[in-house]
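Student: Using the sequences and the accompanying hints, generate a full structural model.
For the record, the sequence lines run as chains A and B.
The letter at position 38 of the first sequence is residue 623 when you use our numbering, and the numbering goes up by one with no holes.
The letter at position 40 of the second sequence is residue 625 when you use our numbering, and the numbering goes up by one with no holes.
What the hints contain is simulated information worked out from the structure, not anything from laboratory work.
Possibly wrong hints are sitting among the right ones.
Identical chains blur together in the list; that is why a pair holds if it fits in one copy or across any two.
[As the list claims (entries may be wrong)] Here are the simulated DSS-like cross-link-like pairs (lysine-lysine), alpha carbons at most 25 Å apart as the crow flies:
1. Lys792 <-> Lys757
2. Lys863 <-> Lys931
3. Lys593 <-> Lys656
4. Lys956 <-> Lys808
5. Lys808 <-> Lys957
Protein chains: 2
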Amino acid sequence: MIKPQTLKGFRDFLPEQAKKRQYVIEVLKKVFESYGFEPLETPVLEYEEILAGKYGDEGDKLMYRFEDNGKRRVAMRYDQTVPLARVVSQYQNIIPLPFKRYQIQPVFRAENTQKGRYREFVQCDIDTLGLNSSATDAEIIAVSAKAFEKLGFNDFRILINSRSTFGDLPIKAITIIDKLKKIGEKNVKEELRKNDFDSGILEKIQKTTLSDSLNLVIKIAQKMGVDKEKIIFEPTLARGLDYYTGTIIEIDYPTYQAGSLGGGGRYDNLIGLFADKKVPAVGFSFGFDRIIEVMDELKLFPSELQTTKVLVTIFSLELADKSMTITNSLRTSNINAEIYLDANTKIDKQLKYADQKNIPYVIILGPEEVKKNTVILKNMKTREQKQLTLDQLPNAIK
Amino acid sequence: MIKPQTLKGFRDFLPEQAKKRQYVIEVLKKVFESYGFEPLETPVLEYEEILAGKYGDEGDKLMYRFEDNGKRRVAMRYDQTVPLARVVSQYQNIIPLPFKRYQIQPVFRAENTQKGRYREFVQCDIDTLGLNSSATDAEIIAVSAKAFEKLGFNDFRILINSRSTFGDLPIKAITIIDKLKKIGEKNVKEELRKNDFDSGILEKIQKTTLSDSLNLVIKIAQKMGVDKEKIIFEPTLARGLDYYTGTIIEIDYPTYQAGSLGGGGRYDNLIGLFADKKVPAVGFSFGFDRIIEVMDELKLFPSELQTTKVLVTIFSLELADKSMTITNSLRTSNINAEIYLDANTKIDKQLKYADQKNIPYVIILGPEEVKKNTVILKNMKTREQKQLTLDQLPNAIK
Numbered sequence: 586m587i588k589p590q591t592l593k594g595f596r597d598f599l600p601e602q603a604k605k606r607q608y609v610i611e612v613l614k615k616v617f618e619s620y621g622f623e624p625l626e627t628p629v630l631e632y633e634e635i636l637a638g639k640y641g642d643e644g645d646k647l648m649y650r651f652e653d654n655g656k657r658r659v660a661m662r663y664d665q666t667v668p669l670a671r672v673v674s675q676y677q678n679i680i681p682l683p684f685k686r687y688q689i690q691p692v693f694r695a696e697n698t699q700k701g702r703y704r705e706f707v708q709c710d711i712d713t714l715g716l717n718s719s720a721t722d723a724e725i726i727a728v729s730a731k732a733f734e735k736l737g738f739n740d741f742r743i744l745i746n747s748r749s750t751f752g753d754l755p756i757k758a759i760t761i762i763d764k765l766k767k768i769g770e771k772n773v774k775e776e777l778r779k780n781d782f783d784s785g786i787l788e789k790i791q792k793t794t795l796s797d798s799l800n801l802v803i804k805i806a807q808k809m810g811v812d813k814e815k816i817i818f819e820p821t822l823a824r825g826l827d828y829y830t831g832t833i834i835e836i837d838y839p840t841y842q843a844g845s846l847g848g849g850g851r852y853d854n855l856i857g858l859f860a861d862k863k864v865p866a867v868g869f870s871f872g873f874d875r876i877i878e879v880m881d882e883l884k885l886f887p888s889e890l891q892t893t894k895v896l897v898t899i900f901s902l903e904l905a906d907k908s909m910t911i912t913n914s915l916r917t918s919n920i921n922a923e924i925y926l927d928a929n930t931k932i933d934k935q936l937k938y939a940d941q942k943n944i945p946y947v948i949i950l951g952p953e954e955v956k957k958n959t960v961i962l963k964n965m966k967t968r969e970q971k972q973l974t975l976d977q978l979p980n981a982i983k
Numbered sequence: 586m587i588k589p590q591t592l593k594g595f596r597d598f599l600p601e602q603a604k605k606r607q608y609v610i611e612v613l614k615k616v617f618e619s620y621g622f623e624p625l626e627t628p629v630l631e632y633e634e635i636l637a638g639k640y641g642d643e644g645d646k647l648m649y650r651f652e653d654n655g656k657r658r659v660a661m662r663y664d665q666t667v668p669l670a671r672v673v674s675q676y677q678n679i680i681p682l683p684f685k686r687y688q689i690q691p692v693f694r695a696e697n698t699q700k701g702r703y704r705e706f707v708q709c710d711i712d713t714l715g716l717n718s719s720a721t722d723a724e725i726i727a728v729s730a731k732a733f734e735k736l737g738f739n740d741f742r743i744l745i746n747s748r749s750t751f752g753d754l755p756i757k758a759i760t761i762i763d764k765l766k767k768i769g770e771k772n773v774k775e776e777l778r779k780n781d782f783d784s785g786i787l788e789k790i791q792k793t794t795l796s797d798s799l800n801l802v803i804k805i806a807q808k809m810g811v812d813k814e815k816i817i818f819e820p821t822l823a824r825g826l827d828y829y830t831g832t833i834i835e836i837d838y839p840t841y842q843a844g845s846l847g848g849g850g851r852y853d854n855l856i857g858l859f860a861d862k863k864v865p866a867v868g869f870s871f872g873f874d875r876i877i878e879v880m881d882e883l884k885l886f887p888s889e890l891q892t893t894k895v896l897v898t899i900f901s902l903e904l905a906d907k908s909m910t911i912t913n914s915l916r917t918s919n920i921n922a923e924i925y926l927d928a929n930t931k932i933d934k935q936l937k938y939a940d941q942k943n944i945p946y947v948i949i950l951g952p953e954e955v956k957k958n959t960v961i962l963k964n965m966k967t968r969e970q971k972q973l974t975l976d977q978l979p980n981a982i983k
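Tutor: Now the structure itself:
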């Protein structure tokens with residue numbers, strides 16, 4: 586017999602976890618849409634040439650790619666930005682600019698799973714294309730901050746920097762300076778020296794003051810509702826610099842050390858990749874898995890993620906009809922109600938099933954209750970039981 | 586330059602289409618959850634041995650499979666039932682039975698695209714595992730019918746049959762009889778004869794009467810709220826019989842000839858595939874793409890799928906702050922409001938953008954309005970303009 590197992594780095598999400606994921610996605614979508622962002626979907630498979638060479642050596646190494654049945658070289662979605670660039674040039678006569686889109690889909694990377702990384706993970710991206718006004722950068726910050734607020738985060742920080750802080754420093758030096766938060770000042774300086782850079786450039790970068798243009802972005806973000814206290818100018822922040830051309834943003838949660846909860850910035854040279862013209866762009870990508878991890882730690886998920894509100898038990902085959910009628914009427918009152926589908930199962934076992942599934946309420950309907958036209962409503966947390974008329978039932982559950 | 590294009594059989598969904606897809610998924614999820622079904626997610630990639638050989642010769646031919654970077658043979662999700670079978674045995678100590686789950690994910694099949702088929706398409710499945718009561722079959726019918734109702738369908742039909750109708754007829758004969766709706770009586774009989782069957786078996790099957798057990802399923806479905814008029818006993822219905830072991834269901838829309846809008850039934854031999862035990866199962870799969878196609882034809886999508894309700898224009902850089910304040914307050918009133926992010930764009934062009942994006946309302950805020958503490962609200966459909974105070978604004982838009 587074949588062993589039932591998932592591939593390393595791939596995950597199943599059983600209901601409890603799947604509901605948390607859906608919850609985060611729903612909250613994010615609602616925030617995105619409140620700012621005028623609209624959904625976009627692209628396929629899992631693309632022509633290999635669309636994706637190859639777009640993510641550096643590492644991307645080419647980690648990309649899932651193969652020859653399909655029709656001898657075409659194909660590759661699996663690696664991120665959502667290169668497909669966005671393809672979409673924008675493929676449909677350039679249809680898509681009005683500015684194009685504000687969100688995209689929430691899984692991507693695939695053959696990562697080293699020993700580092701706690703997954704090979705299939707959901708990316709949540711927002712991007713505004715076609716404008717390079719400061720207000721566009723500011724709005725990306727405002728939406729991202731609002732999203733974290735709506736998820737229940739209070740003490741997140743918005744680190745901000747600009748590509749211009751680094752002037753014409755070589756990429757190698759920038760990459761080392763970018764590690765400051767991770768490895769500390771001493772190690773950054775040492776690594777700079779090892780690579781024949783003056784270790785003094787770290788201090789020089791650290792002493793950079795806020796530029797007028799970045800200051801304007803921050804000011805507009807404030808007007809858009811972002812708490813100024815949350816925005817921190819961080820001149821060593823780079824986030825893979827060959828990509829960003831202007832504002833660079835990162836959102837982190839101080840007590841969560843494993844990394845940022847999301848990041849983004851302005852990247853004016855990428856979206857035009859497949860077109861003849863330059864398309865300015867600014868975006869933000871939410872670290873979906875990390876957000877869920879931190880929300881679990883901080884207990885930010887609502888207790889009522891349980892979708893099923895009540896289990897209607899079946900006392901006996903004879904009384905099954907009564908249970909069905911009640912279930913129907915609960916659903917009409919917009920209460921998610923499950924009916925136990927087997928009259929031969931003892932009530933005890935039906936109650937145990939409700940416990941296992943964390944269903945908060947159970948309705949029991951024996952011959953006594955039917956005679957009196959009532960039901961027993963059992964609160965599975967407090968184990969408290971109440972006898973109620975059918976009229977009282979919906980409110981007692983809501 | 587690389588040509589921006591999608592692979593044959595793969596699709597991008599631009600916002601208008603993506604919103605329709607999200608709408609259908611939201612409606613379905615809500616119905617599923619109201620009956621106690623919970624979400625499950627499985628990975629796109631599985632070990633090849635998990636999927637290979639499970640879908641007949643055609644499945645093995647159409648499956649996307651390849652060797653990954655770690656020399657593992659892997660395959661892309663082909664349906665959601667075999668992964669469900671894997672999940673149920675992999676987590677058998679964690680998942681309480683009955684297990685009622687829904688799953689909405691893309692699957693991948695290298696289909697002949699000339700037949701109008703897609704190579705990546707979303708499947709929407711509900712299944713109840715662990716029970717073989719008639720009520721379980723009935724509930725699957727009730728949920729499916731409710732889902733079509735909530736999507737706005739009126740005149741759908743629920744065709745129903747049972748595996749037992751065919752007795753011990755060879756599969757080949759059943760497959761031919763199953764084509765009745767598609768190719769008509771004459772052709773079915775001819776094909777039966779060609780394959781050395783007595784063409785009289787068609788009539789024999791057609792004359793089969795409703796069995797007691799199927800009758801019970803229908804009766805319970807009615808008690809669960811299904812309109813009896815919609816249920817039609819169709820003794821020639823088979824839907825790939827080597828799979829189904831009991832009830833067989835299909836939902837179609839009479840004027841839509843291209844095929845059914847969904848189907849399912851009882852299949853008690855498949856879910857135990859990776860376990861030592863037998864797990865009874867009944868389920869239904871919604872034809873997602875066809876449902877959207879028919880809903881488009883019948884105009885069943887709500888006119889208000891447009892997520893952005895209002896575009897707040899920017900009259901000039903000086904007045905930008907005022908526009909931002911109004912946008913913030915609209916969002917606080919739960920109105921999805923987009924602000925135009927460039928003060929240098931002429932109002933005419935901003936209005937044109939709202940038209941292109943089908944945004945129903947535009948707010949214009951010039952020096953006159955600011956002086957009077959009012960705004961102009963323009964209805965983009967009627968082109969009607971009103972001058973309103975800020976207090977009047979939310980209600981005028983809602």
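Student: Under the constraints set out in the numbered hints, which ones does this structure not fulfil?
Tutor: Failing hints: none at all.
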